Structures are given as C-alpha cells and as structure tokens.
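Asks: Put chain B on the given structure of chain A with help from the hints.
Number of protein chains: 2
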Amino acid sequence: MKVRELGEFGLIEHLSEIVRGASGGDLVLGIGDDAAAWRTDGAIEVGTTDVLIEDVHFSLSNAAWRDLGWKALAINISDIAAMGGSPGYALVSLALPPETEVDDVTELYRGLAEVAVEFGVHVAGGNISTAPIVIISVSLIGKATDALLTRSAALPGDLIAVTGCLGQSAAGLRMLSSELEVDPETFAFLRKAHLRPYPRVAEGQELARHGVKAAIDISDGLISDLAHIGKASRAAAKVWLDRLPIHPVVQASFGEESRRLALSGGEDYELLFTARREAIDEVCQVMSTPVTVIGEMVEGDPGRVTVLDEQGREVEYEAWGWEHFKSL
Amino acid sequence: MKVRELGEFGLIEHLSEIVRGASGGDLVLGIGDDAAAWRTDGAIEVGTTDVLIEDVHFSLSNAAWRDLGWKALAINISDIAAMGGSPGYALVSLALPPETEVDDVTELYRGLAEVAVEFGVHVAGGNISTAPIVIISVSLIGKATDALLTRSAALPGDLIAVTGCLGQSAAGLRMLSSELEVDPETFAFLRKAHLRPYPRVAEGQELARHGVKAAIDISDGLISDLAHIGKASRAAAKVWLDRLPIHPVVQASFGEESRRLALSGGEDYELLFTARREAIDEVCQVMSTPVTVIGEMVEGDPGRVTVLDEQGREVEYEAWGWEHFKSL
Numbered sequence: 298m299k300v301r302e303l304g305e306f307g308l309i310e311h312l313s314e315i316v317r318g319a320s321g322g323d324l325v326l327g328i329g330d331d332a333a334a335w336r337t338d339g340a341i342e343v344g345t346t347d348v349l350i351e352d353v354h355f356s357l358s359n360a361a362w363r364d365l366g367w368k369a370l371a372i373n374i375s376d377i378a379a380m381g382g383s384p385g386y387a388l389v390s391l392a393l394p395p396e397t398e399v400d401d402v403t404e405l406y407r408g409l410a411e412v413a414v415e416f417g418v419h420v421a422g423g424n425i426s427t428a429p430i431v432i433i434s435v436s437l438i439g440k441a442t443d444a445l446l447t448r449s450a451a452l453p454g455d456l457i458a459v460t461g462c463l464g465q466s467a468a469g470l471r472m473l474s475s476e477l478e479v480d481p482e483t484f485a486f487l488r489k490a491h492l493r494p495y496p497r498v499a500e501g502q503e504l505a506r507h508g509v510k511a512a513i514d515i516s517d518g519l520i521s522d523l524a525h526i527g528k529a530s531r532a533a534a535k536v537w538l539d540r541l542p543i544h545p546v547v548q549a550s551f552g553e554e555s556r557r558l559a560l561s562g563g564e565d566y567e568l569l570f571t572a573r574r575e576a577i578d579e580v581c582q583v584m585s586t587p588v589t590v591i592g593e594m595v596e597g598d599p600g601r602v603t604v605l606d607e608q609g610r611e612v613e614y615e616a617w618g619w620e621h622f623k624s625l
Numbered sequence: 298m299k300v301r302e303l304g305e306f307g308l309i310e311h312l313s314e315i316v317r318g319a320s321g322g323d324l325v326l327g328i329g330d331d332a333a334a335w336r337t338d339g340a341i342e343v344g345t346t347d348v349l350i351e352d353v354h355f356s357l358s359n360a361a362w363r364d365l366g367w368k369a370l371a372i373n374i375s376d377i378a379a380m381g382g383s384p385g386y387a388l389v390s391l392a393l394p395p396e397t398e399v400d401d402v403t404e405l406y407r408g409l410a411e412v413a414v415e416f417g418v419h420v421a422g423g424n425i426s427t428a429p430i431v432i433i434s435v436s437l438i439g440k441a442t443d444a445l446l447t448r449s450a451a452l453p454g455d456l457i458a459v460t461g462c463l464g465q466s467a468a469g470l471r472m473l474s475s476e477l478e479v480d481p482e483t484f485a486f487l488r489k490a491h492l493r494p495y496p497r498v499a500e501g502q503e504l505a506r507h508g509v510k511a512a513i514d515i516s517d518g519l520i521s522d523l524a525h526i527g528k529a530s531r532a533a534a535k536v537w538l539d540r541l542p543i544h545p546v547v548q549a550s551f552g553e554e555s556r557r558l559a560l561s562g563g564e565d566y567e568l569l570f571t572a573r574r575e576a577i578d579e580v581c582q583v584m585s586t587p588v589t590v591i592g593e594m595v596e597g598d599p600g601r602v603t604v605l606d607e608q609g610r611e612v613e614y615e616a617w618g619w620e621h622f623k624s625l
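Protein chains in written order, with our numbering: chain A, 298 to 625; chain B, 298 to 625.
Chain A with its partners taken away, still in its complex shape (with noise of 0.2 angstroms):
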C-alpha cells in the first residue's frame, strides 16, 4: 500500500501506534492535536512542529521570501494559539539549493524575526542543509497559560464558533496563482490574508480564560478541521451555511465561490471552538476579535459534519479539505 492510498490523517494514525511505547513520561498530550503537550517541573509545556516545502506549500513564483519566513514560523505560532498556549522558543531547519542568494535568505530570517518580534518568539536555535528545493522546518516550544484546548473536548450541545473571518487565504491563493484582476487594495488584502497569517495568541488564551476547552486552528479548511474536533470528540457538528463568516473583499471578488472558499479554502489560521453557550457570550463580550457562531455540535457519526442552507436543508459540499496526499 502507498501512502497516497491511506493518506495523511490514515498515516498518522497508524504511525501514532507505533511510537505508542514511546510515548509515556509526563505526556499530557501525545500525536494527534494541534500541539503536544508535556509536564515540566513548573508548567506545562507545548511543541509542535510544521514545514513549508517549496512546490508543495508555496511557490517562490507568487511569495516574497520576507513572508515565507513570517509564514513558516506563524502557521507553529497559531498551532500554540490553538491550544491557548503562550509560545516561547523556536528551533528553524533551513535546507536550501547552493544557488539561493544569500539576500534571499537574508529576506527570509527578516520575515522570521519579524514575527517573532511580535509574538515575544525567541529564535533559539537551527541548522542549515543544502536540499535540491527550499524547506523551512520550524518547531515551536511554549507554555500553556491556562487549561489546554483540545481538539477531544467539544459535546454535543455546544455551539461552534470562529474568530475573524474564513476564506480570504484560500481567496489569496487563488488570486496569486491565476490571473485574477482584482483593484490595489484588493490584491494587497488577500495576498496579506494568504501569506502573513496573523495567529490568534491572545484569543487562544482568552478562550482558556473563559471555561472554552475545545479548539483548532483553521489549517486544512473549516469542514476538514471541523471533522478533526469531531473525530477527536466522538461527536458530529452541524454548519449554517448563511452564517459564515465572509469578508465582504471576498465576497464581492469570488461571489457564489465564496462559499466553498470559507468552508474548504483552509490556512485561515482563525480559530475554530465550540463551547455552551453562556462561555460563547462571555468570549463575546470581552474579545475585541469579532466570534461568529456558525453551527452546532450533535450526536451522530463522529467526524461528520453536516451543511445547512438557510431553510435548514442539507447541502451537498465537496468532502474535501487539504489533506496531505490525497490528489484534491
């Protein structure tokens, strides 16, 4: 069997079992969420760790090498966020063609500690490798400032809710890689929204603050990561279609498209929770960072999640999301 056939989220998991044994120790929180998570003398601790590979993650024909360092060191950054978390040192594995100029590199490090800078991030440490294409390998250690949210906690009951707005990364992508007109600002605002995600740390840890326990980043897309928290909670999750959070930009360029933007366009890197409703309020209020509620966690096949239009009847959508492997 190759791995195409049993795709990333299979592999995963298979593998998860086989480092099973080696996995003990003052683990918390082990392979399968958006962050590990460990105990240490004082505190706990979290890491994870995520690539951008050249030609599979970007194209260095439409992105700036300032924003693929702030991307690659943002998306760990927003796995922490997700996990309302305080991120703390970051690790970089840099492999480049001998060929690369060093001013490019140069770019690179700047969009790093660009974003660094602003999340109070200390680059700690790295290597540097040759490599036929470019791969930026980033881990990220921080500390949890409260209770963990997890992908596993979401019940049946609570409602599901998004910081900011969904589908202008994808809408980004899009636009970078066709030949889309769009005006100035337009351009500037989605190719921002698709390379310099912003992640959500402060909002992460409010939502600790405030009793929420289940939460993901907006990596694969809101469907695909929706059936993470479902899968992970034995519970499936109902989405109201005219509820979504659109960004007017991307709704008057991508029109009807919009839609399957938010629901599957994926690197958003907003957060996606669910909780009851009084700790959905309380979030409300005392977030600055808009919280839409788009739809419902249910009893029924777990990982499932059901459209619905505005008279409440199913929608058919594509059942896809970004999944490593899997020809899209």
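Source of the hints: derived by calculation from the structure; they are not laboratory data. Hints should not be assumed to be uniformly reliable.
In the DSS-like style, the derived pairs of lysine-lysine whose C-alpha atoms are separated by at most 30 angstroms in a straight line are [stated by the list, open to error]:
1) A/K440 <-> A/K299
2) A/K489 <-> A/K299
3) B/K440 <-> B/K299
4) A/K489 <-> B/K299
5) B/K528 <-> B/K299
6) A/K489 <-> A/K440
7) B/K489 <-> B/K440
8) B/K299 <-> A/K440
9) B/K489 <-> A/K299
Not everything, but these chain B residues come out facing chain A in the computed CB check (under 10 angstroms) [said to hold, decoys possible]:
10) A332
11) A333
12) A334
13) D347
14) V389
15) L391
16) I438
17) G609
Computed beta-carbon distance windows for the label pairs [unchecked claim]:
18) B/E482 <-> A/G339: 43 to 53 angstroms
19) B/L477 <-> A/F484: 38 to 48 angstroms
20) A/G339 <-> B/E478: 49 to 59 angstroms
21) B/R336 <-> A/N359: 35 to 45 angstroms
22) A/M298 <-> B/G322: 39 to 49 angstroms
23) A/E302 <-> B/S449: 44 to 54 angstroms
24) A/K489 <-> B/E596: 46 to 56 angstroms
25) B/E398 <-> A/C581: 48 to 58 angstroms
26) A/M584 <-> B/G322: 21 to 31 angstroms
27) A/P394 <-> B/E553: 28 to 38 angstroms
28) B/D352 <-> A/D578: 54 to 64 angstroms
Note that the coordinates shown come from a computational prediction; the quantities given were computed from them, not determined experimentally. Beta carbons are placed, not taken as given, at the ideal position from N, Cα and C, and that holds for glycine.
Replies: Same frame as chain A, now just chain B:
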C-alpha cells in the same frame, strides 16, 4: 552572493545576526552550539533540531528505512548529549513522496521508536506532508542535568579528548557506497557504525558532573568540530596524529586512509571535549567508555587546528570536514 559561496557556517553566522533581536528572553545559549538552552521555571531546557534529506544525508539505495528512523532521532539525541543533557520530547516532521510504501514508513517509525525507547525519549508529536523527496526533520527538547557543556569553554592548556573511536562511520559510508569487499563481520560493524550511531548521553552527563566544561559531538569531522570549539573559545588546537583512536577493523580495511577518515570523516557522534588534566584523569577513572587524549588547546588563531606526527612535525591535511554548500 550565493549561499554556496558563503558556506554553511558563514550563513549561520550571518543569519544569527538577523534574529539577535528575537533571541532574548530567558535564553541561556542561542545559535552556535550543539543545542540551544533556555531557563524555565524549574530548570534549564535544551533544544535542538536536525534533518535528514534524501540524496544529501542518505541514499535509499544503501540505508534501510529502519536505520533512517534510528539515525534521524539519534543525531538529535547526540546534540543533547554534547550539552551534558538528558533528552526528553521529540517532534517529528516527515515529508514523503506519495508513492512511498506504507511498510517503509512503518519501518522508519520502528527505528525511531527503538532509539526513543533506548534513550527514554518520548515521541510527542509531529506532522506529515507530501514532498518530491524524503525529508525527516526531528526536534528534540531535553534538560540540563548539571552545568551545560558548551563549545566556548575551552581554554589554552586544556587537553583534548574523545570518547570511543573515530573514522568508523565514514569507513562505513565508504564501504556502502563503493564495492569494497569485506568479510561479513566487518560489513556488519561498519554498516552499523554509519547507520546506527549510538549517542553518548550517559557519557555527556558524566563529563558535566566531573567538571568538564567544553564539548561538541563529532558530526562534521574531528578537525572541523575541533575548529568549532576553537573558534567559539578563541583558541587554537594541536592534535597528535599517532594518538587518534582508530578501531582495528577500520585500520585493517583502510590502512593509511584510516587516519584521514578519523580526522575528517565525521558522523561518529562521539564526544570531543577539552579539560584540565585532572578532570580528564577523573573522567577516565569513572567512565567505562574508553576516553583517549588526542591533543591540547593552545594560544593561537581561533579555530586553527594543527596536526602533528610522531616526531612533532606538522602534517599537511586537506582542510575539510563536512560543510553544507561547499563542494568537497
């Protein structure tokens, strides 16, 4: 300027300047040692990251998947060993071509799990993605058990010593990549030396406990790694060629060539350290692993390494060792 012109070490120096502003906090040791170190509530933590890239660091034509799993984690454990630390939690970032066999990835993870169990490491998490080549990136977090061993603590007058033997990993690589005819025991010994390095964790902790302050693990090669110590410590080094601990098997198969393998071969993952004679005598008494004194630190050009023969005459050697981007 291209990165191949600046070279790996020049690039590291250049990039560490850029993130200097983003490397404060409770950082004890940043870019430029075997691992980074930072202060937490109760202890000093150490963190390192290393990557294996297909056809750069290994070839699937001569490395078994299980060995790759072992090596990918072992080389990180070795970095923690070189700090005198205790390894704790690993994050694994795996990138694979979609056509990779699941059985092969299973083997890779079995190798990872083997070395993890052997050294009490917990595989806490990671991620998986598509790539045109196999990339295994591992980050490892551990704890200092005593004072940290650093590259910058060597002093003129210190003796230079190594654990175990030198050159057998490079001999193994030479054997695996050529058609060198050897007997089965030699084959097994050299193959294991190259593909299954056994990190010197207990030894690193013993060194720290007995007052040794300066160490590095031999990954790039003796001369190159000794130059790293010299540069960081602002001192020069003398190596006595006839004292190099070369395993009889390497001596028998490679003759005169074995000295070159010992000086520059790399990937032995033995510990190279410097200390006053008294500390080294103490270490030799308590440690069951053989320790060999091979030279001394002296005043002189920082990082300069001089190799002397039996008569004390300077030996010409090619100034090499593994450095990414430099053609060797």
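Asks: It remains to establish, for every hint, whether it holds in the given structure.
Replies: Hints versus structure:
About 37 angstroms separates the Cα atoms of A/K440 and A/K299, which puts this hinted pair outside 30 angstroms; it is violated. A hinted pair counts as satisfied when its Cα atoms are at most 30 angstroms apart, and A/K489 with A/K299 does not qualify at roughly 36 angstroms. For a cut-off of 30 angstroms, the pair hint linking B/K440 to B/K299 is broken: about 37 angstroms separates their Cα positions. With a C-alpha separation of about 28 angstroms, the suggested pair A/K489 and B/K299 falls inside the 30 angstroms cut-off, and the hint holds.
At most 30 angstroms may separate the alpha-carbon atoms for a hinted pair to count; B/K528 and B/K299 meet this at roughly 24 angstroms. At most 30 angstroms may separate the alpha-carbon atoms for a hinted pair to count; A/K489 and A/K440 meet this at roughly 28 angstroms. Restraint check: the Cα-Cα separation between B/K489 and B/K440 comes to about 28 angstroms, which is no more than 30 angstroms; the hinted pair holds. A C-alpha spacing of about 38 angstroms is found between B/K299 and A/K440, which places the hinted pair above 30 angstroms, so the restraint is violated.
Of the supplied pair hints, the one linking B/K489 and A/K299 holds, its CA atoms being roughly 28 angstroms apart against a limit of 30 angstroms. About 7 angstroms separates the beta-carbon of B/A332 from the nearest beta-carbon of chain A, less than 10 angstroms, and the hint is met. Annotation: B/A333 was flagged as interfacial toward chain A, and the flag holds, the nearest CB pair being 3 angstroms apart, inside 10 angstroms. At about 8 angstroms, the closest approach between the beta carbon of B/A334 and any beta carbon in chain A falls short of 10 angstroms, and the interface hint on this residue holds.
Among the interface hints, the one on B/D347 holds; its C-beta lies about 6 angstroms from the nearest C-beta in chain A, closer than the 10 angstroms criterion. Satisfaction of the interface hint for B/V389 is found here, the shortest Cβ-Cβ separation to chain A being roughly 7 angstroms, below the 10 angstroms cut-off. For B/L391, the suggested interface contact is upheld, since its CB lies about 8 angstroms from the closest CB of chain A, less than 10 angstroms. Hint on B/I438 holds. Least Cβ distance to chain A is approximately 6 angstroms, under the 10 angstroms limit.
Interface hint at B/G609: violated, since its Cβ lies 37 angstroms from the closest Cβ of chain A, which is beyond the 10 angstroms cut-off. For the hinted restraint 43 to 53 angstroms between B/E482 and A/G339, the CB-CB distance of approximately 50 angstroms keeps it satisfied. Take B/L477 and A/F484: their Cβ atoms lie about 59 angstroms apart, and the range 38 to 48 angstroms is violated. Here the CB-CB span from A/G339 to B/E478 is close to 58 angstroms, well matched to the stated 49 to 59 angstroms.
Checked against the hint of 35 to 45 angstroms, the C-beta distance between B/R336 and A/N359 comes to roughly 41 angstroms, which is consistent with it. At roughly 45 angstroms, the beta-carbon separation of A/M298 and B/G322 lies within the given 39 to 49 angstroms, and the hint holds. Distance hint check for A/E302 and B/S449: the Cβ-Cβ separation is about 50 angstroms, which falls inside the suggested range of 44 to 54 angstroms. For A/K489 paired with B/E596, a C-beta distance near 54 angstroms keeps the hint of 46 to 56 angstroms intact.
The hinted window of 48 to 58 angstroms between B/E398 and A/C581 holds, with their beta carbons roughly 49 angstroms apart. Between A/M584 and B/G322 the Cβ separation comes to about 27 angstroms, which falls inside the hinted range of 21 to 31 angstroms. Look at A/P394 against B/E553: about 36 angstroms separates their beta carbons, and that is inside 28 to 38 angstroms. Checked against the given bound of 54 to 64 angstroms, the beta carbons of B/D352 and A/D578, roughly 56 angstroms apart, stay inside it.
The structure is inconsistent with the numbered hints 1, 2, 3, 8, 17, 19, although it conforms to all the rest.
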